[in-house]
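**Student:** The opening position of the sequence shown corresponds to residue 19 in this note's numbering, with each subsequent residue numbered one higher.
Please keep in mind that the hints were generated in silico from the structure rather than gathered at the bench.
In this text, all values refer to a predicted model and were calculated from it rather than measured experimentally.
Where is the CB? At the ideal position from N, CA and C, for every residue including glycine.
Please note that a few of the clues may not be correct.
As the list claims (entries may be wrong) - Computed spacing ranges between beta-carbons, pair by pair: (1) F272 x R161: 35 to 41 Å; (2) V369 x I110: 23 to 29 Å; (3) K390 x A80: 25 to 31 Å.
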Amino acid sequence: MRNSSDSMPGSHANTWFDDTGVPVTRTTGWLMAFIMLGALYFLPAALPFLFNASSFAIGTIASLILFWFFYGMGWTPRRTAGMSDIGWLWAIGTAVFAVLHLVVASQIGTIDIGRALSSLTMLIFMIVSAALIADTLFVIEDRALMRTMTLLALVFFGIAAMSIAGIQPPTQSIGEKPIFPYTEPSFFALTFAPVLIFLCVSSPLWLRLIWLGAGVVLALLLANLTLMVAVLLAAIVSLPLIILIPTLLAAVSFASLLDLSYFTDRINFTLTSNNLSTLVYLQGWQLLDESLRNTLGWGLGFQQLGIGYTNVPASIRLNQLIGFDLNLTDGSFIFAKIGSEFGIFGIIFSVFALYLSIKSFVVLRYVARGKKIIPASLLLCYAILLGSLVELLVRGANYFTGSMVLFLSACFFLLRFRRIRSGEIG
19 MRNSSDSMPG
29 SHANTWFDDT
39 GVPVTRTTGW
49 LMAFIMLGAL
59 YFLPAALPFL
69 FNASSFAIGT
79 IASLILFWFF
89 YGMGWTPRRT
99 AGMSDIGWLW
109 AIGTAVFAVL
119 HLVVASQIGT
129 IDIGRALSSL
139 TMLIFMIVSA
149 ALIADTLFVI
159 EDRALMRTMT
169 LLALVFFGIA
179 AMSIAGIQPP
189 TQSIGEKPIF
199 PYTEPSFFAL
209 TFAPVLIFLC
219 VSSPLWLRLI
229 WLGAGVVLAL
239 LLANLTLMVA
249 VLLAAIVSLP
259 LIILIPTLLA
269 AVSFASLLDL
279 SYFTDRINFT
289 LTSNNLSTLV
299 YLQGWQLLDE
309 SLRNTLGWGL
319 GFQQLGIGYT
329 NVPASIRLNQ
339 LIGFDLNLTD
349 GSFIFAKIGS
359 EFGIFGIIFS
369 VFALYLSIKS
379 FVVLRYVARG
389 KKIIPASLLL
399 CYAILLGSLV
409 ELLVRGANYF
419 TGSMVLFLSA
429 CFFLLRFRRI
439 RSGEIG
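Construct all of the structure, not just a fragment, from the sequences and the given hints.
**Tutor:** Okay, structure coming up:
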């Protein structure tokens, strides 16, 4: 263990108890938290933006390597009894299940074994890293985390403002209205959602209204429905009903005075639509239906969506409009991807994720009303789980994103928190 003189700049010491009940001192500075979370939020999207990479995977792995560098330097907590082991246990268990499932899937249809195995290696690395990131979240002090999340929110609003002003690096991506480092506003929104939820729940009422108002203005300027959904989710969980209901009614009345044709076209879920985002979303549901039918509910296998032949109407329509396939391998949102690839098992996982989101909503609602006080790190985990609804059901990228790493970290965090409360560990 390093002493306080070895701490990272911008950090301060904090006493915590490891899993054996022994008090230890670790660095818990806002700068370390800002770099760790910022890397997970921004780095995975930067490579597709700058170099037209096909996925967020390389950037996600790079952000995790950065975390491991901090871990090795002692700027994040050293290994605690149990947490690393839990990460490896879940990683190996998940890998074994994915391989066994893939073996059966190979008897049903054609699979790309090389793609599956290479992705499996990344998945193991991601799960183990997520467990250690959860351990790190445990020792970030409330003030440091509040400062970190506020700074991250300001960065999000700053890069959005620069995008609107046309001040950002050029990109070869075909995404509509890119916001550096995101190739499209929807990716910005799904990443920003947990940050906005965290700040709205933890801030005074007047500041919540400012955060939400800024979010609405940004969603209108960017003309992005996913961001509007994220803002609505944050408003519902954080505002008192006496303010929420009149605000929603006023918003509906005000909306009638605006040109919202983009938003209405976005929810026109028919094959006559020319909106690419709408067609991609519709394609996700059709791919899910096709995969479940073709495999009798078993699923295509890990990382096999979009590899084999598909003939869903939305894909045909997209080809007619732009001349090539779009978002076939990611399914447009996580439920479509994991349901298509793991069948009934993927659906069960999605139901469990939905349960965690609902549970998080209830807890955060109590916190927002002042009826419950919880540590900032635990609040962040609940915000991540609630915000994951956007990625699960509205717009997602793939398994290997910073937001997915944080989802897993939040799950590990709650697992450890529950074990501490039950007295299983110190």
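**Student:** Does each hint fit the structure? Answer for all of them.
**Tutor:** Okay, the hints, checked on the actual structure:
1. Separated by about 37 Å at the C-beta atoms, F272 and R161 satisfy the suggested range of 35 to 41 Å.
2. Between V369 and I110 the beta carbon distance is about 24 Å. The supplied range of 23 to 29 Å therefore holds.
3. The hinted window of 25 to 31 Å between K390 and A80 is violated, with their beta carbons roughly 37 Å apart.
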